[in-house]
Amino acid sequence: RVDKMKEWLANPSLMQPDADAEYAAVIDIDLNTITEPILACPNDPDNVKLLSEVAGTKIDEVFLGSCMTNIGHYRAAGEVMRGESAVAVEKFWIVPPTRMDEQQLINEGYYDVYKAIEAHTEVPGCSLCMGNQASARVDSTVFSTSTRNFDNRLGKGTQVYLGSAELAAVCAKLGRIPTPAEYMDIVPAKIEGKEAEIYKYLNFNEIEGYHLEERKTAEDKYGITVKPV
1 RVDKMKEWLA NPSLMQPDAD AEYAAVIDID LNTITEPILA CPNDPDNVKL
51 LSEVAGTKID EVFLGSCMTN IGHYRAAGEV MRGESAVAVE KFWIVPPTRM
101 DEQQLINEGY YDVYKAIEAH TEVPGCSLCM GNQASARVDS TVFSTSTRNF
151 DNRLGKGTQV YLGSAELAAV CAKLGRIPTP AEYMDIVPAK IEGKEAEIYK
201 YLNFNEIEGY HLEERKTAED KYGITVKPV
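Note that this note's numbering gives residue 33 to position 33 of the sequence shown, counting from 1, and the numbers run on in steps of one.
Calculated directly from the structure, the hints in this document are not laboratory data. One or more hints might be untrue.
With a cut-off of at most 30 Å between alpha-carbon atoms, the simulated DSS-like pairs for lysine-lysine come out as follows [said to hold, decoys possible]:
(1) K6 x K49
(2) K58 x K91
(3) K91 x K194
(4) K49 x K190
(5) K58 x K190
(6) K91 x K200
(7) K115 x K194
(8) K91 x K4
(9) K6 x K115
(10) K190 x K200
(11) K156 x K58
(12) K194 x K49
From a predicted model like this one, the values you see are computed outputs, not experimental measurements.
My request is simple: use the sequences and hints to build the entire structure.
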């Protein structure tokens with residue numbers, strides 16, 4: 001696999017459909033009809049509602065993470081929270097999916113924003129998403145950017161709402177799900193005019209000489225020997 005990756009990096013190209021490809025179905029959605037954010041509500045990703053239907057719901061914890069996020073989501077949340085010194089929830093989890101995302105966010109100063117609001121940052125990976133590396137408080141209500149909100153997945157007895165990173169940041173800021181008016185009052189003012197930079201992808205094939213800061217291993221940090229099992 002390493003050789004295959006090196007071969008691809010020598011001449012990187014992204015997968016594209018054939019010009020004459022046929023599809024099982026084509027779904028057209030008129031985005032002009034979507035005038036407010038849409039959320040998946042407890043505890044089923046198919047339980048979808050408009051923001052106005054659940055506005056005011058108290059949120060205990062917010063999770064910005066999972067492998068379906070990209071670096072733009074963390075920049076956007078950082079911009080929403082820029083200038084704040086605290087959050088209105090018990091815990092605001094921020095866990096980028098990869099170390100490369102984490103390092104780039106550090107380089108761009110976003111971790112300074114997260115530190116200022118005392119966000120809970122962890123080693124990149126699954127974290128709260130699978131509920132195996134970490135879990136939310138028992139019986140808490142969580143707003144998450146992950147893809148699934150089945151019973152007890154993020155924590156025992158948790159009620160989980162799924163939505164965007166921008167909405168997640170607003171929930172952390174207010175301690176509740178905002179009204180559409182509150183959302184539109186906060187997010188555009190923080191994002192507009194900076195979209196090209198905020199949502200720019202971190203494409204592997206466009207990166208040269210990238211350097212990750214070294215992490216201390218368990219052996220270095222704790223003076224112990226870790227043996228494979």
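Now the hints, each set against the structure:
The straight-line distance between the Cα atoms of K6 and K49 is roughly 45 Å, outside the 30 Å bound, and the hint therefore fails. Of the pairs offered as hints, the one joining K58 and K91 holds, with about 13 Å between alpha carbons and a cut-off of 30 Å not exceeded. For the hint linking K91 to K194, the alpha-carbon distance of about 27 Å falls within 30 Å, and the restraint holds. For the given pair, K49 sits about 25 Å from K190 by alpha-carbon distance, which is consistent with the 30 Å threshold.
Only pairs whose Cα atoms come within 30 Å are accepted, and K58 paired with K190 is accepted, the gap being roughly 23 Å. Between the alpha carbons of K91 and K200 the distance comes to roughly 28 Å, so the proposed pair stays at or under 30 Å and holds. Among the hinted pairs, K115 with K194 is consistent with the structure: their alpha-carbon atoms are about 22 Å apart, no more than 30 Å. Using a Cα cut-off of 30 Å, the hinted pair K91 and K4 is violated, with the two alpha carbons roughly 41 Å apart.
Under the criterion of a C-alpha separation no larger than 30 Å, the hint pairing K6 with K115 is inconsistent with the structure, at around 37 Å. A distance of roughly 16 Å separates the Cα atoms of K190 and K200; the hinted pair therefore holds under the 30 Å criterion. Taking the CA atoms of K156 and K58, the gap is about 18 Å. The hint holds against a cut of 30 Å. Only pairs whose Cα atoms come within 30 Å are accepted, and K194 paired with K49 is accepted, the gap being roughly 29 Å.
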